[in-house]
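From first to last, the protein sequence lines stand for chains A and B.
Its first residue numbered 3, the first sequence is counted upward by one per residue in our numbering.
Its first residue numbered 3, the second sequence is counted upward by one per residue in our numbering.
Just to be clear, a hint being listed does not mean it is correct.
[Said to hold, decoys possible] Under the rule of at most 25 Å between Cα atoms (straight-line distance), these lysine-lysine pairs were calculated in the PhoX-like manner:
no., chain 1, residue 1, chain 2, residue 2
1, B, Lys130, A, Lys35
2, A, Lys130, B, Lys39
3, B, Lys130, A, Lys39
4, B, Lys185, A, Lys39
5, A, Lys185, B, Lys185
6, B, Lys157, B, Lys185
7, B, Lys157, A, Lys39
No lab work stands behind these hints, which were simulated from the structure alone.
There are 2 protein chains.
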Amino acid sequence: MITDRLIDKIIEMQNPTCVGLDTLFDYLPDDMKAGAKTFADAAERVLEFNKKIVDSVCDIVPSVKVQIAYYEMYGVAGMQAYEEILKYAAGKGLVVIADAKRNDIGSTASCYAKTFLGETEVNGNAYKPFPSDYVTVNGYLGTDGIAPFVEQCEKNDKGIFVLVKTSNPSSGELQNLVLENGKPIYEYMGGLVEKWGESTVGKYGYSAVGAVVGATHPTEAARLREVLPHTFFLIPGYGAQGGNAEMLKSCFGANGLGGVVNNSRGILCAYKKNGGTYYDAAREACVAMQKDLSSVIGKMGN
Amino acid sequence: MITDRLIDKIIEMQNPTCVGLDTLFDYLPDDMKAGAKTFADAAERVLEFNKKIVDSVCDIVPSVKVQIAYYEMYGVAGMQAYEEILKYAAGKGLVVIADAKRNDIGSTASCYAKTFLGETEVNGNAYKPFPSDYVTVNGYLGTDGIAPFVEQCEKNDKGIFVLVKTSNPSSGELQNLVLENGKPIYEYMGGLVEKWGESTVGKYGYSAVGAVVGATHPTEAARLREVLPHTFFLIPGYGAQGGNAEMLKSCFGANGLGGVVNNSRGILCAYKKNGGTYYDAAREACVAMQKDLSSVIGKMGN
Numbered sequence: 003m004i005t006d007r008l009i010d011k012i013i014e015m016q017n018p019t020c021v022g023l024d025t026l027f028d029y030l031p032d033d034m035k036a037g038a039k040t041f042a043d044a045a046e047r048v049l050e051f052n053k054k055i056v057d058s059v060c061d062i063v064p065s066v067k068v069q070i071a072y073y074e075m076y077g078v079a080g081m082q083a084y085e086e087i088l089k090y091a092a093g094k095g096l097v098v099i100a101d102a103k104r105n106d107i108g109s110t111a112s113c114y115a116k117t118f119l120g121e122t123e124v125n126g127n128a129y130k131p132f133p134s135d136y137v138t139v140n141g142y143l144g145t146d147g148i149a150p151f152v153e154q155c156e157k158n159d160k161g162i163f164v165l166v167k168t169s170n171p172s173s174g175e176l177q178n179l180v181l182e183n184g185k186p187i188y189e190y191m192g193g194l195v196e197k198w199g200e201s202t203v204g205k206y207g208y209s210a211v212g213a214v215v216g217a218t219h220p221t222e223a224a225r226l227r228e229v230l231p232h233t234f235f236l237i238p239g240y241g242a243q244g245g246n247a248e249m250l251k252s253c254f255g256a257n258g259l260g261g262v263v264n265n266s267r268g269i270l271c272a273y274k275k276n277g278g279t280y281y282d283a284a285r286e287a288c289v290a291m292q293k294d295l296s297s298v299i300g301k302m303g304n
Numbered sequence: 003m004i005t006d007r008l009i010d011k012i013i014e015m016q017n018p019t020c021v022g023l024d025t026l027f028d029y030l031p032d033d034m035k036a037g038a039k040t041f042a043d044a045a046e047r048v049l050e051f052n053k054k055i056v057d058s059v060c061d062i063v064p065s066v067k068v069q070i071a072y073y074e075m076y077g078v079a080g081m082q083a084y085e086e087i088l089k090y091a092a093g094k095g096l097v098v099i100a101d102a103k104r105n106d107i108g109s110t111a112s113c114y115a116k117t118f119l120g121e122t123e124v125n126g127n128a129y130k131p132f133p134s135d136y137v138t139v140n141g142y143l144g145t146d147g148i149a150p151f152v153e154q155c156e157k158n159d160k161g162i163f164v165l166v167k168t169s170n171p172s173s174g175e176l177q178n179l180v181l182e183n184g185k186p187i188y189e190y191m192g193g194l195v196e197k198w199g200e201s202t203v204g205k206y207g208y209s210a211v212g213a214v215v216g217a218t219h220p221t222e223a224a225r226l227r228e229v230l231p232h233t234f235f236l237i238p239g240y241g242a243q244g245g246n247a248e249m250l251k252s253c254f255g256a257n258g259l260g261g262v263v264n265n266s267r268g269i270l271c272a273y274k275k276n277g278g279t280y281y282d283a284a285r286e287a288c289v290a291m292q293k294d295l296s297s298v299i300g301k302m303g304n
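Hey, can you work out the whole structure from these sequences and the hints?
Now the structure itself:
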């Protein structure tokens, strides 16, 4: 069961870090950028950069999150690089989260679910378009936009993370509105997530249907941890967005489990601040992040 | 201004129809499906099918909506077909809506906005990844996830449609929840849309920031039409999803304007019901839809 395997790795490495491969071309060192003119050039360089990051960190972090926007922006060539980095990271043993925030009506959601978590058939020949362990989704359309993803989770041992309380400054504009029953929208969405996960709860008590809960909103995170006992969190916002270890502590239970913490720019661009090669600097940033997180969370899986 | 141009075409053709190119491989006639084995085969056949549909209807409908899920499901080859059909439809004079329902934090939303509505630069060389006139977006993250799209709308004369009240059966699960001020969430989201559009109102009084409002929910649509005077609607749900002309009448004002009505399966698969070639049947379905809509809406732009 996918969330069990992710947690097994977190416990083994004592590290709940997710490296966000949200790699802007501008993040690359000058020598890697030099001479690139086309989307194919840019995509090739970004892919090379990301592969070296993966090589450098895959023995000390359990997972990567690959933000599709940073590949799609280079058109078809970017999507080719996206497919390749998903497969490369999986080949290195990492749990791979496709950050695509997909959402649509049931028939269309079914296509998306197969694209990331399953297979598409062409006259009986089946292939995996953009193979991932998890994909992020947006629940604004309600259950029939999510059910096709849950179906693929059950069928192929995959997972999803549903947006509940996002890390961005204006996330409260809609998500913190209070309903007539006195509860905020993010809590209602969390309740749906808990329900959508009922069929896939694993040995640690967490389901394959997780929630995105930003490190930048500790009050909301604490409340969500309390009311969503079976929901594993994908926690963005650590580092460049302003979240720190103390702020996200409440996402974790007394057993040191409960979520995986994403960091993108703080790892990818560590070399710009600390010097050295980008891949060595990325590894050092992961080591530092592990120390920072475990100092607050304590032993994971105790 | 893009919404003005869309409305100009609607008035000229007396037709507020949007043809949804949500083409599943299974929609194709058997002879077009025969022998296809790979994603490249499937994408090529779907592209050929869609081009003939575009050729057959481009003089009688103002716009197409191209649902990205139905291309991404064939991987990189599918994305190549997506790029090509967007450009082909634009070349035939159609207003092109990329139905991608993108949503993310500001920095990432900025990448998405450039992908569909602007340009990506590689060392000073700029290209358009998936060029569209409009892209659909999801507002769950609030203003800072939408602002980068509005910025591209202003800069490049483009538009967006924000999910407000979607056409699917479970859309009410979240969207119809009532806030403590007594208003439903969809109406609050509509209010945000009206505000996001303030800077781009055109000669007909509608802005470049439109709303997705399902034909399947006439009560909500009527309320939204009343409270969102400057918001143009993209109206899905007509036909296969159960919406009909009478149900979506309230999306239109006394001047016969206010939205564009999408139909996908009812046009793409008309040949399965009515016989003839798929492209002739699609044209006939568009003619019938024009008659059906105008019988209820009346003269557009009166």
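So, against the hints stated earlier in the document, which numbers end up violated here? Going through the list in order, the structure violates hints 4 and 6 and respects the others.
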